[in-house]
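J.: When you get a sec, could you build the whole thing from the sequences and use the hints?
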Amino acid sequence: MTNMNGRFGIHGGQYIPETLMNAVIELEKAYNRYKNDEQFNKELQTLFNEYAGRPSRLYYAEKMTKDLGGAKIYLKREDLNHTGSHKINNVLGQALLAKKMGKTRLIAETGAGQHGVATATAAALMGMECVVFMGKEDTERQALNVYRMRLLGAEVIPVTSGTATLKDAVSEAMREWTSRIDDTHYCLGSVMGPHPFPTIVRDFQSVISKEIKEQILEKEGRLPDVVMACVGGGSNAIGTFYNFIEDKDVRLIGCEAAGRGIDTFETAATINTGKLGVFHGMKSYFCQDEYGQIAPVYSISAGLDYPGIGPEHANLHDTGRAEYVAVTDDEAVNAFEYLSKTEGIIPAIESAHAVAHAMKIAGTMDKDKIMVITISGRGDKDCAAIARYRGEDIHE
Amino acid sequence: MSNIKKAFENGKAFIAFITCGDPDLETTKKAVIEACNNGADLIELGIPFSDPTAEGPVIQGANVRALAGGVTTDKIFDLVIDLRKEVSTPMVFMTYVNVVFSYGAERFISKCKEIGIDGLILPDLPFEEKDEFEPVCEKYDVDLISLIAPTSENRIAMIAKEAKGFIYIVSSLGVTGTRSEIKTDLESIVKVVRENTDVPCAIGFGISTPEQAAKMSAVSDGAIVGSAIVKLLEKYGKDAPKYVGEYVHSMKAAM
Numbered sequence: 001m002t003n004m005n006g007r008f009g010i011h012g013g014q015y016i017p018e019t020l021m022n023a024v025i026e027l028e029k030a031y032n033r034y035k036n037d038e039q040f041n042k043e044l045q046t047l048f049n050e051y052a053g054r055p056s057r058l059y060y061a062e063k064m065t066k067d068l069g070g071a072k073i074y075l076k077r078e079d080l081n082h083t084g085s086h087k088i089n090n091v092l093g094q095a096l097l098a099k100k101m102g103k104t105r106l107i108a109e110t111g112a113g114q115h116g117v118a119t120a121t122a123a124a125l126m127g128m129e130c131v132v133f134m135g136k137e138d139t140e141r142q143a144l145n146v147y148r149m150r151l152l153g154a155e156v157i158p159v160t161s162g163t164a165t166l167k168d169a170v171s172e173a174m175r176e177w178t179s180r181i182d183d184t185h186y187c188l189g190s191v192m193g194p195h196p197f198p199t200i201v202r203d204f205q206s207v208i209s210k211e212i213k214e215q216i217l218e219k220e221g222r223l224p225d226v227v228m229a230c231v232g233g234g235s236n237a238i239g240t241f242y243n244f245i246e247d248k249d250v251r252l253i254g255c256e257a258a259g260r261g262i263d264t265f266e267t268a269a270t271i272n273t274g275k276l277g278v279f280h281g282m283k284s285y286f287c288q289d290e291y292g293q294i295a296p297v298y299s300i301s302a303g304l305d306y307p308g309i310g311p312e313h314a315n316l317h318d319t320g321r322a323e324y325v326a327v328t329d330d331e332a333v334n335a336f337e338y339l340s341k342t343e344g345i346i347p348a349i350e351s352a353h354a355v356a357h358a359m360k361i362a363g364t365m366d367k368d369k370i371m372v373i374t375i376s377g378r379g380d381k382d383c384a385a386i387a388r389y390r391g392e393d394i395h396e
Numbered sequence: 001m002s003n004i005k006k007a008f009e010n011g012k013a014f015i016a017f018i019t020c021g022d023p024d025l026e027t028t029k030k031a032v033i034e035a036c037n038n039g040a041d042l043i044e045l046g047i048p049f050s051d052p053t054a055e056g057p058v059i060q061g062a063n064v065r066a067l068a069g070g071v072t073t074d075k076i077f078d079l080v081i082d083l084r085k086e087v088s089t090p091m092v093f094m095t096y097v098n099v100v101f102s103y104g105a106e107r108f109i110s111k112c113k114e115i116g117i118d119g120l121i122l123p124d125l126p127f128e129e130k131d132e133f134e135p136v137c138e139k140y141d142v143d144l145i146s147l148i149a150p151t152s153e154n155r156i157a158m159i160a161k162e163a164k165g166f167i168y169i170v171s172s173l174g175v176t177g178t179r180s181e182i183k184t185d186l187e188s189i190v191k192v193v194r195e196n197t198d199v200p201c202a203i204g205f206g207i208s209t210p211e212q213a214a215k216m217s218a219v220s221d222g223a224i225v226g227s228a229i230v231k232l233l234e235k236y237g238k239d240a241p242k243y244v245g246e247y248v249h250s251m252k253a254a255m
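These protein sequence lines map, in sequence, to chains A and B.
Our numbering puts the first residue of the first sequence at 1, with every later residue one more than the last.
Our numbering puts the first residue of the second sequence at 1, with every later residue one more than the last.
The set of hints was computed from the structure by calculation and includes no laboratory data.
Keep in mind that this is a model prediction, so the values were computed, not measured.
Heads up, the beta-carbon is just placed ideally off N, CA and C, and yes, glycines get one too.
Hints are not guaranteed to be accurate.
Unchecked claim - Result set (DSS-like, lysine-lysine): computed pairs, CA atoms no more than 30 angstroms apart in a straight line:
no.	chain 1	residue 1	chain 2	residue 2
1	B	K130	A	K29
2	B	K191	B	K85
3	A	K99	B	K183
4	B	K12	B	K29
5	B	K75	A	K29
6	B	K183	A	K29
7	A	K275	B	K139
8	A	K275	B	K235
9	B	K29	A	K29
10	B	K242	A	K275
11	B	K183	A	K100
12	B	K130	A	K275
13	B	K235	A	K136
14	B	K85	B	K215
15	A	K42	A	K29
16	B	K161	A	K275
17	A	K136	B	K139
Said to hold, decoys possible - Chain B is faced by these chain A residues, among others (derived, beta-carbon under 8 angstroms):
no.	residue
18	I16
19	N36
20	Q39
21	N41
22	P158
23	G162
24	A164
25	T178
26	K213
27	Q215
28	I216
29	L217
30	F279
31	G292
T.: As structure tokens, this is what we get:
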């Protein structure tokens with residue numbers, strides 16, 4: 001839970017330039033006004049149901065369950081949402097809030113392009129201007145998503161500063177926000193950044209665990225033993241965990257991107273390799289060197305390729321309430337192929353990190369145990385990259 | 001008594017910002033000495049950070065070059081020890097919270113005191129978060145500098161009342177970098193500041209010409225210039241110190 005000063009334990013806070021302080025204070029006030037507002041929630045629920053296609057299915061993966069020979073596995077199908085990932089949940093909430101605040105322009109960062117596409121989609125729907133910042137390297141890796149955003153009417157700005165990836169896109173979006181605040185809302189894509197973003201994004205994503213709980217109670221008559229999700233900044237994971245945090249018998253497992261391994265420099269596993277720091281507006285764990293310089297991180301998954309993790313996750317780690325495990329590129333690619341062949345579901349390479357960990361532990365669990373894995377997005381966007389990883393010369 | 005006060009005793013203060021280690025620490029040292037000899041009243045030494053979110057492209061570039069050249073916090077402390085043998089001009093560090101936090105706040109700030117650094121500017125540390133560092137700064141007589149922005153409005157009085165050393169008034173929205181025009185109503189901001197504190201205030205962001213320096217210092221107690229100086233270091237490299245000296249001279253003369 002968020003405490004008074006926007007902290008989760010020692011994590012979180014508001015480490016941002018003075019120029020942005022009144023903007024985040026205004027955002028917090030607006031959010032507090034609307035979060036329990038009946039009309040706002042009705043509008044949001046209608047958007048969720050009629051536009052995004054919620055509730056997403058909780059699917060019993062029978063073949064995978066039998067093949068792994070242990071816990072009964074359910075998949076929370078966020079990949080079936082409109083725009084193909086969980087990102088739409090947060091974006092519809094924030095766009096609606098921004099609209100109520102009188103903002104006419106949305107800016108966003110994106111890594112793989114899923115959050116950018118979702119933001120461009122919401123902007124198109126609500127008649128708002130949209131500018132998306134994307135690392136130049138990512139615009140090249142995800143050219144199709146760049147086209148998609150432009151098709152939806154957004155302007156995509158390739159970011160060339162720093163490592164030209166997700167963290168630089170966040171930095172550039174923050175810089176843009178300091179230069180234009182009046183009409184612009186920064187639609188942050190994960191449970192990170194300064195307070196109140198980690199709380200707002202978590203609340204909009206918590207629909208995932210709210211639905212899982214209702215669906216599993218209906219199907220099984222009891223709570224699951226394990227819920228799992230992949231973690232970059234951590235929005236689908238916190239959405240998956242949130243309504244189970246007080247249910248102490250439910251194990252919460254977050255799967256970080258280990259890249260080429262947590263014993264190499266080519267990793268993005270923040271909890272496993274990072275240390276406490278302050279960056280992008282929050283105190284949390286970050287991959288960094290001994291002088292606090294943020295480390296260039298690496299993962300095959302552009303969506304998990306971020307050197308930090310949301311402050312609520314950092315606190316769930318500190319308190320031991322959630323476990324954070326590292327999954328390598330190789331394991332994730334194997335899981336990507338495994339789920340495609342076994343269940344006919346092509347998961348996003350991000351989500352495949354969670355599937356990979358399930359493949360490791362499901363067989364060690366008794367058959368009467370229940371595991372839920374959130375499939376945060378669909379994998380169509382990753383097919384060309386995975387083919388190349390396997391040595392096939394495919395280009396979009 | 002804060003040493004920073006001395007910077008405001010010689011008419012309007014000219015405050016020069018230099019990123020340490022761009023292109024190398026030896027050049028930084030020479031550039032600082034030139035700036036001091038040519039009328040700079042206060043020196044802001046930038047400790048580079050990998051992701052300087054409050055900086056425009058010019059200072060971002062300096063950060064990248066400095067870090068690529070192998071500059072570290074410890075090497076910059078050694079630079080200051082060297083500099084203090086030659087200049088007594090007040091000096092402050094300007095860096096990001098994580099640089100101080102990862103070094104250890106007490107270890108970093110006590111080192112500032114030991115080597116003769118008079119203040120600390122952390123652009124990503126707003127009023128709401130300053131309690132994490134301010135008690136340590138007070139313990140070691142290092143002034144934690146407060147910033148006020150064009151969007152501060154109802155926050156100006158609150159910030160001014162607790163300000164130490166000097167107040168850094170951000171002239172414009174956005175990030176650091178030279179601007180052809182500054183449109184913010186700075187007089188109104190300075191008026192509220194003066195109603196709430198005796199701590200001097202200087203204006204920075206976007207100032208590059210002697211005319212701008214004159215205009216900005218006319219409504220406040222001084223002008224802060226960063227990107228224009230960093231551009232000289234980018235352009236002239238190791239030969240930059242004498243150009244920095246000439247530039248500082250022309251700016252101070254206009255104020």
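J.: Please go over all the hints and tell whether each is borne out by the structure.
T.: Taking the hints in turn, this is what the structure says about them:
1. With a CA separation close to 22 angstroms, the supplied pair K130/B and K29/A stays within the 30 angstroms bound.
2. Among the hinted pairs, K191/B with K85/B is inconsistent with the structure: their alpha-carbon atoms are about 39 angstroms apart, more than 30 angstroms.
3. Restraint check: the Cα-Cα separation between K99/A and K183/B comes to about 28 angstroms, which is no more than 30 angstroms; the hinted pair holds.
4. Distance hint between K12/B and K29/B is fulfilled; the C-alpha atoms sit about 24 angstroms from each other, no more than 30 angstroms.
5. For the hint pairing K75/B with K29/A, the CA-to-CA distance comes to about 44 angstroms; that exceeds 30 angstroms, so the pair is violated.
6. Proposed proximity of K183/B and K29/A is supported: the alpha carbons are some 28 angstroms apart, at most 30 angstroms.
7. The hinted pair formed by K275/A and K139/B meets the criterion: a straight-line CA distance of about 27 angstroms does not exceed 30 angstroms.
8. Distance restraint check for K275/A and K235/B: the Cα-Cα separation of roughly 37 angstroms exceeds the 30 angstroms cut-off, and the hinted pair is therefore not satisfied.
9. Our distance criterion of 30 angstroms between C-alpha atoms is broken by K29/B and K29/A, whose separation comes to about 48 angstroms.
10. At most 30 angstroms may separate the alpha-carbon atoms for a hinted pair to count; K242/B and K275/A exceed this at roughly 42 angstroms.
11. Restraint check: the Cα-Cα separation between K183/B and K100/A comes to about 29 angstroms, which is no more than 30 angstroms; the hinted pair holds.
12. Between K130/B and K275/A, the direct Cα distance comes to roughly 21 angstroms. Compliance with the 30 angstroms bound is thereby established for this hinted pair.
13. Distance restraint check for K235/B and K136/A: the Cα-Cα separation of roughly 26 angstroms lies within the 30 angstroms cut-off, and the hinted pair is therefore satisfied.
14. For the suggested pair K85/B and K215/B, the alpha carbons sit about 34 angstroms apart, so the restraint of at most 30 angstroms is broken.
15. Proximity of K42/A to K29/A is assessed by CA-CA distance (about 20 angstroms); at most 30 angstroms being required, the pair is judged to hold.
16. Restraint check for K161/B and K275/A: the C-alpha separation of about 35 angstroms exceeds 30 angstroms, so the hint is violated.
17. As the CA atoms of K136/A and K139/B are separated by approximately 45 angstroms, the hinted pair breaks the 30 angstroms bound.
18. Interface hint at I16/A: satisfied, since its Cβ lies 6 angstroms from the closest Cβ of chain B, which is below the 8 angstroms cut-off.
19. Annotation: N36/A was flagged as interfacial toward chain B, and the flag is violated, the nearest CB pair being 25 angstroms apart, outside 8 angstroms.
20. For Q39/A, the suggested interface contact is broken, since its CB lies about 29 angstroms from the closest CB of chain B, more than 8 angstroms.
21. A hinted interface residue such as N41/A counts as satisfied when its beta carbon comes closer than 8 angstroms to some beta carbon of chain B; here the least separation is about 29 angstroms, so the hint is violated.
22. Contact between P158/A and chain B, as hinted, is not supported at the beta carbon level, the nearest pair being about 14 angstroms apart and thus beyond 8 angstroms.
23. For G162/A, the suggested interface contact is upheld, since its CB lies about 6 angstroms from the closest CB of chain B, less than 8 angstroms.
24. Interface restraint check: A164/A against chain B, minimum CB-CB distance 12 angstroms, threshold 8 angstroms, status violated.
25. Contact between T178/A and chain B, as hinted, is supported at the beta carbon level, the nearest pair being about 6 angstroms apart and thus within 8 angstroms.
26. Look at K213/A: its Cβ only gets to about 35 angstroms from chain B, farther than 8 angstroms, so that hint breaks.
27. At a threshold of 8 angstroms, the smallest CB-CB gap from Q215/A to chain B is about 40 angstroms, leaving the interface hint violated.
28. At about 40 angstroms, the closest approach between the beta carbon of I216/A and any beta carbon in chain B exceeds 8 angstroms, and the interface hint on this residue is violated.
29. Contact between L217/A and chain B, as hinted, is not supported at the beta carbon level, the nearest pair being about 41 angstroms apart and thus beyond 8 angstroms.
30. Look at F279/A: its Cβ gets to within about 5 angstroms of chain B, closer than 8 angstroms, so that hint holds up.
31. Interface hint status for G292/A: upheld, as the beta-carbon distance to the closest one in chain B is roughly 3 angstroms, under 8 angstroms.
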